[in-house]
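Engineer: If you want the building blocks of each chain, they are given just below.
2 protein chains.
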Amino acid sequence: MAKTLRVGIAQINTTVGDLEGNVREALEYVERARELGVDIVSFPELTVTGYPPEDLLLRAAFVKDNVEALESMVERCRGITAVVGFADLVGSAVFNAAAVIHDGRLAHVYHKERLPNYGVFDEVRYFQEGAELPVYTIAGVEVGVNICEDIWYPGDPTETQAKAGARVIVNINGSPYHAGKRRFREEMLAERARAYDVYVCYTNQVGGQDELVFDGGSMVLAPSGELMARAAMFEEELLVCDLELEQGTRNREQRKGVQHFVLGDAPFSANKLAVPTRIAPEPEGEAEVYGALVLGTRDYLHKTGFEKALIALSGGIDSSLVAAIAVDAIGAENVHGVSMPSRYSSEGSIKDAKELAENLGIEFRIIPIEPAHEAFEEMLTPAFEGTEPGVAEENLQSRIRANVILALSNKFGWIVLTTGNKSELATGYATLAGDMVGGFAVIKDVPKTLVYRLARWRNAHGGRPVIPEVVLSKPPSAELRPGQLDQDSLPPYEVLDPILEQYVEHDRSVQEIVGMGYDYGTVARVALMVDRNEYKRRQAPPGVKITPKAFGRDRRLPMASRYRAW
Amino acid sequence: MAKTLRVGIAQINTTVGDLEGNVREALEYVERARELGVDIVSFPELTVTGYPPEDLLLRAAFVKDNVEALESMVERCRGITAVVGFADLVGSAVFNAAAVIHDGRLAHVYHKERLPNYGVFDEVRYFQEGAELPVYTIAGVEVGVNICEDIWYPGDPTETQAKAGARVIVNINGSPYHAGKRRFREEMLAERARAYDVYVCYTNQVGGQDELVFDGGSMVLAPSGELMARAAMFEEELLVCDLELEQGTRNREQRKGVQHFVLGDAPFSANKLAVPTRIAPEPEGEAEVYGALVLGTRDYLHKTGFEKALIALSGGIDSSLVAAIAVDAIGAENVHGVSMPSRYSSEGSIKDAKELAENLGIEFRIIPIEPAHEAFEEMLTPAFEGTEPGVAEENLQSRIRANVILALSNKFGWIVLTTGNKSELATGYATLAGDMVGGFAVIKDVPKTLVYRLARWRNAHGGRPVIPEVVLSKPPSAELRPGQLDQDSLPPYEVLDPILEQYVEHDRSVQEIVGMGYDYGTVARVALMVDRNEYKRRQAPPGVKITPKAFGRDRRLPMASRYRAW
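Heads up: the sequence lines are chains A and B, in that order.
In terms of this note's numbering, the first sequence is residues 1 to 566.
In terms of this note's numbering, the second sequence is residues 1 to 566.
With the rest of the complex left out, here is chain A (with noise of 0.2 Å):
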């Protein structure tokens, strides 16, 4: 005969610092959760702190308020198991934990093993690793708990747990997002699952953090690897499956260091309403990474107390998309665009920012730079005399734009949105001071040949078109100074963005990418672009991490290094 556990994932964004905030929101699902009769309701890694919380975890009044914000929902827990990620305080050490949660008491408390400690991750500045190899009786049914990272590889603490009699595991994660990450995930788990013979319930959070973003879809596997159930991308959910169970306990193997808790021997409501499960579709392509950059912008604004955001609009290709990803994150309402022509700039190019601001429904404006152009020129005169028109003269203008735009900035209280891409950001194709300056980069990580395949994509799904068709096609130029390509300074895209992937993503040599068939020249060139250009790189504001490697926490390089790859 068989017996029904019944789980609840509560895939839920919170807000790192927030302690107070992410307590009162995990309550709010343990509620739901008890309510649909859930025998175990699951939250993310650090539910309490938000991940992830960096430094905040090396001052001891954060981690003290933690415990104490963690231990003030124990009690509200009755009638259910919650699994809610917190730091543990154990003497001075400070472990990412996981508090079983039993009918109103803190049960047991599992300490993460594997500390990812690459890529974006630090979590060895801030951890111990976990020791111990708990198994849970919930419901009748043996479960283990662990943590994100802990499941990632084969082995422990999934294979003892599971040797050891755990026929469920619940892991909870604060994961990432990347382009195509979810299916590497899901397949991973899949093997887990099989390997193991367990059901694993994966419990992703959602939500954007400073430069990243997490992306949900957290599922249900069976231990045949069969997806049971998916929650939404880019969306909070309490995803709720029904897992079903053969009667008493599987043979177990004795295993040094696990240690079993009876927590509860039959669910708290035998009889449980029917509740729908579901596996919610997943956006493809170019919709899964346009989902990422509304959420991430979105919850970047929101979480530093944001409203209103502010964007140049040079009636160029980049500019466009970040407003139509501004619009959907915050609104048209919300959304200011600015036109800034310059002596240079053409008159399609400031007809195109307007028939885009006009279909996006934002406010528009127009303010020409030329009298703040002409007064640095007579400025400089004296300092330039003798020398010849070049970089020094074109980014004035892209200065000048900065100083207006930030005006309106300070004057409003609007953040503002810039508008570099990835391709530019690493050839160093951007002006410090410049087209740089601002409170976000909503495309950063977005090399340009994708910024096309967005801005097309997002024609094709708004209801009609917000791009005009002509953006699309003209050839880029920062109109800096008069016929001006991007082409004049850097490769074509198609053969740039290639490139870049495999310098910046892959960390391959010149002489690798060589071997894929582009030429050496072009490659050299563009690896010392790269190269040279970390500190103007280092200078920009966040935005959202959509590659495997962004700029930032995932890519630490010196600025002085004499390595040339070539």
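What the hints contain is simulated information worked out from the structure, not anything from laboratory work.
A portion of the hints provided could be inaccurate.
Where chains are identical, the list cannot tell them apart; a pair therefore holds if satisfied intra-copy or between any two copies.
Unchecked claim - Below are the DSSO-like pairs computed for lysine-lysine, each with C-alpha atoms no more than 27 Å apart in a straight line:
1. K474 to K3
2. K3 to K163
3. K64 to K308
4. K351 to K64
5. K411 to K354
6. K549 to K536
7. K549 to K64
8. K411 to K308
9. K272 to K536
10. K474 to K163
Given chain A's structure and the hints, the job is docking chain B onto it.
Structural biologist: Relative to chain A, chain B alone:
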């Protein structure tokens, strides 16, 4: 009867990524050491790659190139033993390693055991932990080699190496500077020497790398803990010292994991000419910090390829100090000053800036910003209609200056040195894309009260005062509106700086700081200012770390955080 081991400590200034250059320099010191009859010459941690190479270590080609560079120097180290830091590659594992090169062959490689992963260090990101504890017989003496962090804590590897017979520990380092650290270092090393009854040869690197300064101060300590020799701070040096040891080997405990390697039973040259050793005097207080700022600035500029620098001289104390440091770092002929007065600048400020420039002997020009100021006001009139003048209007001036100074930078290839101090950066009393913009932020880690002390010290020690006395005595002002003073927006610096030290450097809570006798309202206000301005600091240029916790790699806080410390 006694025997003598002559050790040489090559305190060199490597450059990250300059594999060939680093090896070339190391070989020059090998040559010099050999001429002096040195038995063992030691080099800093990761000599070959420079320290810290950061994510260059994630590039397979870089690690391979570094191994080849190490190999290229082996056979040129004849007639001597050299301990050289490099990144060792074993299979796919990378180790922070010390090559023990003996008489032209690679005798052994030691792998660092303890990997620091706190503060500015991320070594778990790159390296595997070493597991072997070798002891070498070199010139008839048993020697243990280990690396930096390995000796910072009691216990292994030093303890086991000593108990297994080592009488000398050669410890190679990349130990970054902060004020006062050297004393702590010396006491720690003396404790190790006494505890394990060994000579300690502490080899540090010297030089600036991005935000870090490696201060040198290499030393030799006797088993009694007595300091026998010490190299200068902030300069390259070959420090030579003779260690007197009794004949024969010490009783060895059998220790697990220890391997013995006999490299040489006798010195290469039996008759050694006397060489001078020395205990270099150490700079105290302000002199030490000033030395670090000069070295950090010089090396950042030279290692990133700049010869000349440009500074906006406001007539205030910050820019005056930065100009003095710049002159001491790269020479007066390479420093350019520019005064950019606005309508609110006092006559005194321009005069003070000019006098400073004359005292320092640097080029000086005046570019009034009124034409651009007027132009922006005109351009913004429609948008600002009906609003009260405030920060938006004030910041215009700071950003106009940024545009002027960056135009000069772009035109002439001079790096812009920014002049903001740590008190301003901590509280956000600085303008994004304004005074914050530049290539290197010389005093970003120097609190304002220390800025004053350093300025006074410089005036007292450069032969004659260079900073006009009035600059030291007038109340600080940004001069962005008539009669403005820093103290209108900030607590007095004598109150602010100690609060910042506790909150930023020691991670103390508001309650704890109030408990030290500070006013609650003031502390809470300061903490709020610090927390709210994380986003600004992320966009600041690099600058020299001189405190235990600088803004940068040292302090990784979320920008979107709702944690409030009160």
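Engineer: Any of the earlier hints contradicted here, and which numbers?
Structural biologist: Hint check: 1, 3, 4, 9 and 10 fail, others pass.
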